[in-house]
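Protein chains: 2
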Amino acid sequence: MVILQQRETKSEVMIAAVDLFYTKGYSATSIREISARAGVNVATVSYYFAGKQGLLEECLVAFFEKYLGVLEKVANSEQLQHNPTRSSMMEAALLLIDFQQQNHRFARFAWREVTMDSQMVREMTSCYLRKEQYVWKLLLAQDIEKGISIKISPSFFLIQLTSMISMPFLQSQTIQELWNLNPSEKMFTRLYSNILKEWFLGVTCESSIVLR
Amino acid sequence: MVILQQRETKSEVMIAAVDLFYTKGYSATSIREISARAGVNVATVSYYFAGKQGLLEECLVAFFEKYLGVLEKVANSEQLQHNPTRSSMMEAALLLIDFQQQNHRFARFAWREVTMDSQMVREMTSCYLRKEQYVWKLLLAQDIEKGISIKISPSFFLIQLTSMISMPFLQSQTIQELWNLNPSEKMFTRLYSNILKEWFLGVTCESSIVLR
Chain A
1 MVILQQRETK
11 SEVMIAAVDL
21 FYTKGYSATS
31 IREISARAGV
41 NVATVSYYFA
51 GKQGLLEECL
61 VAFFEKYLGV
71 LEKVANSEQL
81 QHNPTRSSMM
91 EAALLLIDFQ
101 QQNHRFARFA
111 WREVTMDSQM
121 VREMTSCYLR
131 KEQYVWKLLL
141 AQDIEKGISI
151 KISPSFFLIQ
161 LTSMISMPFL
171 QSQTIQELWN
181 LNPSEKMFTR
191 LYSNILKEWF
201 LGVTCESSIV
211 LR
Chain B
1001 MVILQQRETK
1011 SEVMIAAVDL
1021 FYTKGYSATS
1031 IREISARAGV
1041 NVATVSYYFA
1051 GKQGLLEECL
1061 VAFFEKYLGV
1071 LEKVANSEQL
1081 QHNPTRSSMM
1091 EAALLLIDFQ
1101 QQNHRFARFA
1111 WREVTMDSQM
1121 VREMTSCYLR
1131 KEQYVWKLLL
1141 AQDIEKGISI
1151 KISPSFFLIQ
1161 LTSMISMPFL
1171 QSQTIQELWN
1181 LNPSEKMFTR
1191 LYSNILKEWF
1201 LGVTCESSIV
1211 LR
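So the sequences go chain by chain: A and B.
Note that this note's numbering has the first sequence beginning at 1, numbered continuously upward.
Note that this note's numbering has the second sequence beginning at 1001, numbered continuously upward.
In case anyone wonders, no lab produced these hints; they're calculated from the structure.
All residues carry an ideal CB built from backbone N, CA and C; glycine is no exception.
Heads up, some of the hints might be wrong.
Sample of chain A residues at the chain B side, in silico, Cβ under 10 Å [said to hold, decoys possible]:
#, residue
1, Tyr-26
2, Tyr-48
3, Thr-85
4, Val-203
For lysine-lysine, the following BS3-like pairs were computed, each having C-alpha atoms within a straight-line distance of at most 30 Å [to be verified]:
#, chain 1, residue 1, chain 2, residue 2
5, B, Lys-1052, A, Lys-24
6, A, Lys-186, B, Lys-1151
7, A, Lys-186, B, Lys-1137
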């Protein structure tokens, strides 16, 4: 499930880029700095990626492809093998939290990029976000068929659910600094998953559904 | 309650700066561009602010001072005039959502800056975030005295509450693009406040408390 194998040069470059883009911002980061941090020469970076923009795009694609993959897998497996006692949405939500914990640098970086309104990033991510929205609507429909009903407006429900899934990673800095909790640790995500389940039970009706 | 009077030159420069910092990022924005957007000359910007960094700091201070002001007012007024049938935390939460709706550009900008780990911004904001955390703990204590009990861990409760308060403004781009909802409009914040109340009732015990 981990996006990249640490050993590969290309992966090392992407990890260095994600860290630097995150800390310094995209425009303030140079290919030279990325190469230095990854311990490779500038020519290697140019060989693997078409410049800085290509590198940014590839990092975002790496994250969103895997993220969507997790989501789609739940939707598909539910269609193949209907499980009436388990919420598809919560199944997906908990897997996505685990996935992000395992790839917390990428998650933190990707979600912050999404809050920007730089045209380049938006053109790239809006396609993924639309796909994500589509799959959530599918999962919601599956849950409704299982007899789960949502007490609040479906749009607001999905906005809240998706933002709760990304929140610990987007705000990991603040959570660490103020609360001494670390969203990149398994301990945190286990507790946080329980919070999410509590919330889900509060805004839905149907007590017979088992949350993983 | 609105942070700045539109008419003043200084305010116009700050609004232009917030928009450009938000869209292009801090490093990619020049004083020249800010001046051009505000319709003033470069010397005027230098006269009012000590360079680009001074401008960034002043924009963040303007937001967080007012934000904290709203929060502290609720805590203080509760100490002066105890109201046992109203949750102090929800009172503050709903006022903060209104405040941010009225200052949505500043809110969107400030919360995104907080997700960055640029040292300059963090040194500045961590002081405000600590103060904010302190006041929330006060409000929580006031609510506990009123007989409200929290079903989940207090830390996770406050993390979730504060992130729900900033979320629509931090993620306003995505919400607009995917859901055709606009967090800068009063209509949105009214609906969103109800969602927050639903959540609060779900994670607390005490049905006699009136939510504004």
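Now the hints, each set against the structure:
1. Tyr-26: holds, 7 Å
2. Tyr-48: Since chain B brings no Cβ nearer than about 25 Å to A:Tyr-48, farther than 10 Å, the hint is violated.
3. Thr-85: With a minimum Cβ separation of about 22 Å from chain B (threshold 10 Å), the hint on A:Thr-85 is violated.
4. Val-203: holds, 6 Å
5. B:Lys-1052 with A:Lys-24: Roughly 16 Å separates the two Cα atoms, so the pair holds.
6. A:Lys-186 with B:Lys-1151: holds, 22 Å
7. A:Lys-186 with B:Lys-1137: Cα-Cα ~26 Å, so holds.
Violated hints for the displayed structure, listed by number in ascending order: 2, 3.
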